[in-house]
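K.L.:
First to last, the sequence lines map onto chains L and X.
If you read the first sequence in the working numbering, its first letter stands for residue 1, the second for the next number, and so on.
If you read the second sequence in the working numbering, its first letter stands for residue 1001, the second for the next number, and so on.
Please note: incorrect hints may appear among the correct ones.
[Stated by the list, open to error] A few chain X positions that, by computed beta-carbon distances, are all more than 10 Å from chain L: (1) Ala1068; (2) Arg1133; (3) Thr1243.
[Stated by the list, open to error] Reference listing, derived: stretches of chain X covered by chain L, where coverage requires no fewer than 3 residues with Cβ under 8 Å from a Cβ of chain L: (4) 1018-1029; (5) 1077-1083; (6) 1178-1187; (7) 1215-1229.
[Unchecked claim] For the chain L half of the interface with chain X, some residues (derived, Cβ under 7 Å), not all of them: (8) His36; (9) Arg38; (10) Leu185; (11) Glu241; (12) Thr243; (13) Trp250.
What the hints contain is simulated information worked out from the structure, not anything from laboratory work.
These numbers come from a predicted model, not from an experiment.
Just so you know, even glycine gets a beta-carbon here, dropped at the ideal spot from N, CA and C.
There are 2 protein chains.
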Amino acid sequence: MAVPRSHPRRESLLVREKLVRGLERGLVAREGLMAHGRGEAFDYLLGEATGRHARKALRAAAAVLLLAERPIISVNGNVAALCAAEAVRLARAARARMEVNTFYGDGGRRARIAAELERRGARGVLGANPESRGRLAGTSRSRGAADKEGILAADVVVVPLEDGDRTSALKAAGKQVITFDLNPLSRTARTADITIVDNITRGMDELARLCREYSARGAPALSRIVRNFDNGANLAACIREMTAGLRRQWIA
Amino acid sequence: MAVPRSHPRRESLLVREKLVRGLERGLVAREGLMAHGRGEAFDYLLGEATGRHARKALRAAAAVLLLAERPIISVNGNVAALCAAEAVRLARAARARMEVNTFYGDGGRRARIAAELERRGARGVLGANPESRGRLAGTSRSRGAADKEGILAADVVVVPLEDGDRTSALKAAGKQVITFDLNPLSRTARTADITIVDNITRGMDELARLCREYSARGAPALSRIVRNFDNGANLAACIREMTAGLRRQWIA
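Isolated chain L, as found in the complex (with noise of 0.2 Å):
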């Protein structure tokens, strides 16, 4: 149905329309579209808008990326319904390969979702072949999947809107995680190295944008970046960004 221009949320309203053409397309989950609305509400209450501490999470996230051996982007339905290709300027700027992963059952999503990616340009996308397909440690047979080389292999991996077991089980394989979650509570954003409190719709371009933009730089310039982010403060004063949205939200 058509969303009129002048509506208030319009924005919000094309975003759940790319989510349930993305559901009819077989690339995004139903459980997906709940998980969306978890963080439209969020979003919300950060004013949707990129906030302060969403770019220093991304700065330290392209600094990471740029260090890295083996980086990998992890795309699941949602990431693939709401920016392909977006993604995919993600791994040709960070030189990342790409691997899909779909947390709730199959049924050829992997290899929708892999079509898609290869449609908006990405080359060699893993995670769809059954040959390479290896498990994460520590987690169930249906929701491990990761590829040997792809996940398995990796020493840094971004995975967006992930869940909070398979984020501790990749962290307890000794890589570094770096997330976008608009929950600054959920597991996954208490876990993960490095969390973008961020809607992918906005942030996944910016993090494309941020590896072109230190590319140049070298590894002492990147590495200072790294250390000096802290992961649970920029957290907590995420929190503290909510916190105050809701008030300035009530007021207004």
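Model the placement of chain X on the given structure of chain L, informed by the hints.
P.N.:
Only chain X this time, still in chain L's reference frame:
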């Protein structure tokens, strides 16, 4: 898929499954899954419990319902999937009729929701019969449908999880509006006369119980409860509860 008994988010996962089954059964709209996610996030900030301020709103709502001449309980897809039996109990306790209201496209959804309510013991459910269908002034053709014998003739309407435009149209039509909305900042929350900031899976049955408890009280006692309730002040208190929840859960 089976949710393990030990899972820390078991209750929440079981509710999600109910909604997904509701989608499969043609009761729930896909947009309803996203709306549920938004509610989950706010409920999380409330500590997933019915707070003091929700209880205050529930008591005022029970009093308003018992004082009403022609109360109506409006039921959409999410309500039907999550608490159809509770909504039927509320209608019985409040001597209210029930009306099906869907915000997103129809395609038989109204009839299926009515059938679900009747399966749970409701009689004479309105809103599924095109012959008595009218329209709320000030709403678009597709989204303003309301039954001439139901909402259009009612003095008090309970509209859980309602859209902001429709809530405004109900107020403009002179109705007293009671809503359940976990987002205290939403237009519906701010427009309704009584906003119960609580999860319908907890609050609906509690409202029915309060209607039974108050049923022997006279009009003066009930009116006193209503007069002592201030929706704006109560919403502000809910927001304070949520900001405290954000901080508490961060420390936990």
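K.L.:
Hints first: check each against the structure and report whether it holds.
P.N.:
These are the hints, each one checked on the structure:
Once the 10 Å rule is applied to beta carbons, Ala1068 (chain X) is consistent with being away from chain L; the minimum gap is 29 Å. With a least CB separation of 20 Å from chain L, Arg1133 (chain X) remains clear of the 10 Å interface cut-off, as annotated. Distance check for Thr1243 (chain X) against chain L: the nearest CB is about 4 Å away, which does not clear 10 Å, and the non-interface claim fails. Residue count for the segment 1018-1029 of chain X with a Cβ under 8 Å from a Cβ of chain L: 3. That meets the three needed, and the coverage hint holds.
Residues of the segment 1077-1083 of chain X with a Cβ under 8 Å from some Cβ of chain L number 0, which does not satisfy the need for three, so the listed coverage is violated. Interface restraint, the segment 1178-1187 of chain X with chain L: holds (3 residues with C-beta to C-beta distance below 8 Å; minimum three). Judged by the Cβ-Cβ criterion of 8 Å, the segment 1215-1229 of chain X is not covered by chain L as claimed, because only 0 of its residues qualify and three are needed. The interface hint given for His36 (chain L) holds, since its Cβ lies 6 Å from the closest Cβ of chain X, which is under the 7 Å cut-off.
With a cut of 7 Å, the hint placing Arg38 (chain L) at the interface with chain X holds, because the nearest CB-to-CB distance is about 4 Å. The restraint placing Leu185 (chain L) at the interface with chain X holds, with a minimum CB-CB distance near 5 Å, inside the 7 Å limit. Hint on Glu241 (chain L) is violated. Least Cβ distance to chain X is approximately 10 Å, over the 7 Å limit. Because the closest C-beta pair between Thr243 (chain L) and chain X is about 4 Å apart, less than 7 Å, the hint holds.
For Trp250 (chain L), the interface hint holds, since its Cβ comes within 7 Å of a Cβ in chain X; the closest pair sits about 5 Å apart.
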